[in-house]
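Note that the protein sequences, when read in sequence, are chains A and B.
Mapping to the working numbering: the first sequence position 324 is 324, numbers consecutive.
Mapping to the working numbering: the second sequence position 95 is 95, numbers consecutive.
No false leads were slipped in.
Which residues of chain B face chain A? A few of them, derived with a C-beta cut under 8 Å, are:
| no. | residue |
| --- | --- |
| 1 | 201 |
| 2 | 210 |
| 3 | 211 |
Keep in mind the hints are simulated off the structure, nothing from the lab.
Idealized CB from N, CA, C, for every residue including glycine.
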Amino acid sequence: MTEPLLAVTDLRTTFRAAGGRRARAVDGVSFTVAPEETVGIVGESGCGKSVTALSILRLIRAPGVIEAGSRIAFESRDLLTLPEREMRAIRGARIAMVFQEPMTSLDPVLTIGAQVAEVARVHAGASKRAAWAQAVEALQAVGFPDAAARARDYPHHLSGGMRQRAMIAMAIMMRPALLIADEPTTALDVTTQAQILGTLAALQSSMRMSMLLITHDLGIVAERAQRVIVMYAGQIVEEAPVRELFAAPRHPYTRALLAAVPRLGARRERLEAIPGQVPSADAWPDGCRFRARCAQAFDRCDTAPPLYQIGDAHRSRCHLDAPAAP
Amino acid sequence: MMLVGWFACISAGVFAVLGVRSAARREGGGPWRRPAARLSDDPIAMTALFALTVLAAMAVFAPMLTSYAPDAPLDPVRAHLLPPSGEHYFGTDFASRDVFSRVLYGGRISLSVALLAVLLSTVLGTAYGAIAGFYGGRLDSAMMRALDAALSVPRILLVMAVVAIAPRITVPVLILLIGGTGWFGTSRLVRGQVLSLREQDLTTAARALGARDREILWRHLLPNVSSSVIVAATLSLGNVIILEAALSYLSIGIRPPTPSWGNIIEEGASQLFSTWWLGLFPGLAIVVTVLAINTLGDALRDALDPRTAST
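Chain A extracted, bound-state conformation (with noise of 0.2 Å):
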């Protein structure tokens, strides 16, 4: 394998939580995303998603801490000891993230077109005319028919795939290395889901762009990723090659997410789901943290199972994947 673009080693994410206690949203997460390569994570809400992304890019505030020992090193550097300023450097220009409310996370007041150009002013110190020109390239490779007049446009002139779209060229004007997508279509309806998706990845190719998907939504993933990583309750619960995963499911809640995905043509009348709710980050269970939920849950669970190795690049947060069975 070459040299992992990014390596996330033992991250935890802390929040202090009301009345002192502390919630770690993310718990002890390793994983590596290799350069063009597309990993996608998935879970359901409040399990760590977000948190490890928006972690990697250090954009966690206060109460939010990245405990000490945990190291997200990128391009072989060590992204959380860097000064604020070259962390800077990287936001937005190594590194872009794209969000799921395009609607919230573009400015009101500001055109399209000034906020794609604001980018190249902040990394590149671009002149307004030429940050202007780069924007509406930019709008143009990201699918915006007529981009030199849209670029006027203000942010609620845009259907929500079109503001996605602006969104996607304002995080690739600099041609990043990564690009982390936090749920990029989850606010879009299924057509324009996959217009975009297929834009990403057109984008991506062309780019050379590793990406990390985040989403709660298998569909995308199994189409998408090459590696998929499933989170549960601020850990990491099953990794595995895309093919390897949707085939031979190990961990029992990657059983139940993958029997909650309702098919067309199934004889099953009721959708199936996952009893519980995932526990919250300021009182996650002893042992296993999914013990709550499992139906196959045994005496062992009452130990925190490590990872298990199960396969080249397969792992496994279960007891009954151990190496040797009780």
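Given chain A, put chain B in place with the hints provided.
Relative to the frame of chain A, chain B by itself:
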């Protein structure tokens, strides 16, 4: 000469109205197009805008509208306390000065004091509120407690306290005084909005693209609070005109013989029933101005509020 002056004043009002109309119709038009459209659909607001512009233009073009000097006495015998006539529209006062001229020139002082004081208080209030709201935490708490303390003293007492120790009240001092005591409300408003905007996706997205705090504050947060600041400033303009008049009336504002609407009323106050024209006309000027400003401020608030996006 006088005809030209009146023509200039009326056309200023017409231009203001037409300006809003054309901003409402401009293609593309930016963030101001919709508010302008809503404003131009509101006949009362447009009347207020017209009245206000004409009044301001009358102060600006005062020398073209009257040939009398505001502070030079005319014939002390024949022009003493004359009632309004074709010669002296608003009559003359006890010092044989033309009241119409004094009201026009007084408007210059009253309006410019109000405008500059509000400008000052808006800048101060926005800066203070933005810093407190954006940096938050202990700094915010400390700044807000200081503000609470300042707000617990009535403004007029605050002003009078400074007047008591100031050797001489000149126009710039008065502007500093009124402006310096008027920004507390604005800074609360800005602080609250910045505090909430800071937590929104917009800020995280800008940070994720590599913007620094200062850039986010200037380029994204402040433009987003500008509409409420504009409304607050407009409404406080009316208050400041009244405050200035009150100070002058209490003889701690603009010193005679320089006219301001407040001190013209004060000079006529002792004989309000016999020489009614001394108090009536500057009083009317204040009432009309403040009414127009408040009407316009209310209309602006509706026009700039995105939640009433019916048009």
